[in-house]
Amino acid sequence: MDLRARLAWAAAMSLTPLLPLSARLVYLQVLQHQDLLTRVSDEVERTSREAPQRGDILDRGGRVLAQSVPAWSCYVDKPVVREPQLLARRLERELGIPAEHILQGLKGPGRFLRLTDDLAIEDADRVAEARLQGVGIAAGYKRVYPNDGLGRGVIGTVSRDGRGLSGIELAFDRELTRDPAPREILRDGTGRRIYRAGVVDSARPAPLRLTLDRNYQFYAEEALAEAVGKYSAANGLVLVQDPADGELLAIAAYPPTALRNAAVQDAYEPGSTFKIVAAAAAVGESVVSADETFFCENGSWELAPGVTIKDHEPAGHLNLAGIIEHSSNIGTAKVAERVGALRFYRYCQAFGFLNRTGIGLPGETAGVFKPLSDMTRVSLLSASYGYGVAVSPLQLIGAYGAVANGGTLYEPSIVLSGRDPVRVRRVASQESVRKLTAFLEGVVERGTGVTAQIQGYRVAGKTGTARKLDPVTKRYSAVKFVASFVGFVPVSRPRFAILVLLDDPKGSAYYGSQVAAPVFAKLARGLLTLEGIPPDRPGAVEAVLRSPGAGALKEGARAPREAARLARAF
Amino acid sequence: MIQQRARGRTGIIMAAAVSAAFLVWQRVQATRFGYDVEEARTQVRRLQGQLLSKGMQWEKAVAPAQLAHHARSRLGMQQGLPESVRILQRDGPSGVPVLRSWALPQGLARAVRQTLSALRRAT
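One line per chain: the protein sequences are Z and P, in this order.
Quick note on numbering: the first sequence equals residues 958 to 1527 in the numbering used here.
Quick note on numbering: the second sequence equals residues 13 to 135 in the numbering used here.
Just chain Z, with the same shape it has in the complex:
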């Protein structure tokens, strides 16, 4: 046997034992390749879909109203747990959750037991380092509202998985959320993560900037809470709007709840604040002259058998201004009769009372209004002073805002979009608006709204006290009322339209003039001071300079001179 044959024989002898191994390799690598690959992938590869960070909600000044911050949740994969007692005790030590509670959860249905969603990074690290069998840590975000309950009725809330449930969070859920981007993750034998593909985390959505002002909102909520407490009212609401463009500056509701927005979703019988429509129609259609008077029946007028209109105080002959100033239901009804159902209905429509405002918040009500075809004489006259109709607070403040800005109804807005405000329509001529403003100013000067006066400022507004309909007897209650005041300030250049509404104030004070108008005055004072808006009442600046404390300026000889010059400018 030559050398070559011997070498071949030796090679064959040494390689033959490897044949089964090669065959096995071929079997595994070729025949079972796909199956094994899938099994390996299942073991070491994961596609994770982490919930992306939700966009911030800011106020008009860029201050945070809602923000998502990283948070870690801790869960237990129940089938993996071998010693539940031991695990429960360890988790009690690490997380402070009672062991009994954990054990109870471990016995419950479902594969996973969620222990907490609110772990700080240090706690999450500690639990991860403890390497407890079956315990996992998952990263996510939690929604935080740094101002606690401030504006929560408007802002709303989110679900545990970060989807909007109510308010702005729901209405702008799409803008505030991004779909979670898939991320491929490799894990080694010890479970450590290895970053695999160049997948970028999904971009954080741009913040949503609201028209609300955090400070105004605080002032409004504080004033409202105080009034609700003082008068033991069941509910309350305050709206502040910029009449120049319809931007809502504050929406305060009491009791505060994140699940509903009373300003948008609720409708109520407005009472005397609705008289503005009949007055606008009378002035706009020139059916009533300035010096024409109406006999107000000394406080009681039997319209039809069983239907009597009453005034809160008897009055004789009043002109239109007097009717509004003294809030005479009888006078308003007589004016509305002169106006007629069709024109009255058209003005209601023009002021935006028959439709939703278009603010885009969930559950907005359009109010309740009888169709024109169903309007009888009684329903027309009662509607003229705010009974038999229901309006949303948003509609009402919009109507007064239109009077404040010179006659243009704007669509109310809650988000700063950078676009021009949406003009809905012109509701009255400049001349009509001037007259209406004079009526409303008269209400505060010498009528039912004197408690809304603010020293140095011209205020216009209207009180309202509506009896509540008893749902059981279907009759108007003699002891339950909705007291309201709606107005704007300063009259010479209105900056704030404010609506105050108190539902069912208890005790002897229940008129809008007694309970709602003072809240308006307090809030408006706060806002005027905050913004440093100068007084617009003639002579107000001199009065201020003569007031105690003005002496502080005497050392700066220029200041009083300057103030006197400015006073002339006003």
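Fair warning: there could be bad hints in the mix.
Claimed, not checked - Partial pick of chain P residues on the chain Z-facing surface, computed with a CB cut under 7 Å:
(1) 31
(2) 47
(3) 63
(4) 71
(5) 76
Said to hold, decoys possible - Chain Z residues, not near chain P, derived (Cβ > 10 Å throughout):
(6) 961
(7) 974
(8) 1053
(9) 1057
(10) 1073
(11) 1104
(12) 1119
(13) 1150
(14) 1172
(15) 1186
(16) 1222
(17) 1399
(18) 1430
Honestly, the hints are just simulated from the structure, not real lab data.
This structure is a prediction, so every number in the text was calculated from the model and none was measured.
Ideal Cβ positions, reconstructed from N, Cα and C, are used throughout, including at glycine.
Here the structure of chain Z is known, so what remains is to put chain P in place on it, guided by the hints.
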């Protein structure tokens, strides 16, 4: 001839070995970088979380309710009134009067006045 062929085979084997070693090294490095990247991502997330938490603490501290509470309880401040608005400024560039509001809460104003008069007396 045989020696040349053997040298060529050795070279090929060496090249293959080096290539294999490079591939292994590359794989190890990629894995190591994977660990590092994942570690860095965790760190970034942690720091972002801390940053947001600090920002949130700040926002909570300057929430109007907090400020109002501290201003009232610690400094004895009261909400300003429009009457406390003082016009102190000179004309603006276009000759139009510039208004500067100074709604200094009364408690603080009183404290400032008292401090100033105490200083005057001391000097």
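A quick look at each hint next to the structure:
With a least beta-carbon distance of about 21 Å to chain Z, the hint placing residue 31 of chain P at the interface is violated under the 7 Å criterion. Among the interface hints, the one on residue 47 of chain P holds; its C-beta lies about 6 Å from the nearest C-beta in chain Z, closer than the 7 Å criterion. Annotation: interface hint on residue 63 of chain P violated; nearest CB of chain Z at approximately 9 Å, more than 7 Å. Using the Cβ-Cβ criterion of 7 Å, the hint placing residue 71 of chain P at the interface with chain Z is satisfied: the shortest such distance is roughly 4 Å.
Hint status for residue 76 of chain P relative to chain Z: holds, with the closest Cβ pair at about 3 Å, below 7 Å. Against the 10 Å criterion, residue 961 of chain Z stays outside the reach of chain P, whose nearest CB is about 14 Å from its own CB. The beta carbon of residue 974 of chain Z sits about 24 Å from the closest Cβ of chain P, which is more than 10 Å, so the claim that it is off the interface holds. Every CB of chain P lies more than 10 Å from the CB of residue 1053 of chain Z, the least distance being 19 Å, so the non-interface label holds.
Every beta carbon of chain P lies more than 10 Å from that of residue 1057 of chain Z, the smallest distance being close to 31 Å; the non-interface claim holds. The beta carbon of residue 1073 of chain Z is kept farther than 10 Å from every beta carbon of chain P, the shortest such distance being approximately 16 Å. For residue 1104 of chain Z, the shortest C-beta to C-beta distance to chain P comes to about 5 Å, within the 10 Å cut-off, and the non-interface label is violated. No Cβ of chain P approaches the Cβ of residue 1119 of chain Z within 10 Å, the least distance being about 15 Å, so the stated non-interface status holds.
Distance check on residue 1150 of chain Z: its Cβ comes as close as 5 Å (rounded) to a Cβ of chain P, failing to clear the 10 Å threshold; non-interface status is violated. Once the 10 Å rule is applied to beta carbons, residue 1172 of chain Z is inconsistent with being away from chain P; the minimum gap is 5 Å. Against chain P, the non-interface label of residue 1186 of chain Z holds: every CB pair exceeds 10 Å, the least being about 16 Å. Listed as a non-interface residue, residue 1222 of chain Z keeps its Cβ farther than 10 Å from every Cβ of chain P; the least gap is roughly 25 Å.
Residue-level check passed: residue 1399 of chain Z sits 22 Å from the nearest beta carbon of chain P, beyond 10 Å. Against the 10 Å criterion, residue 1430 of chain Z stays outside the reach of chain P, whose nearest CB is about 42 Å from its own CB.
Violated hints for the displayed structure, listed by number in ascending order: 1, 3, 11, 13, 14.
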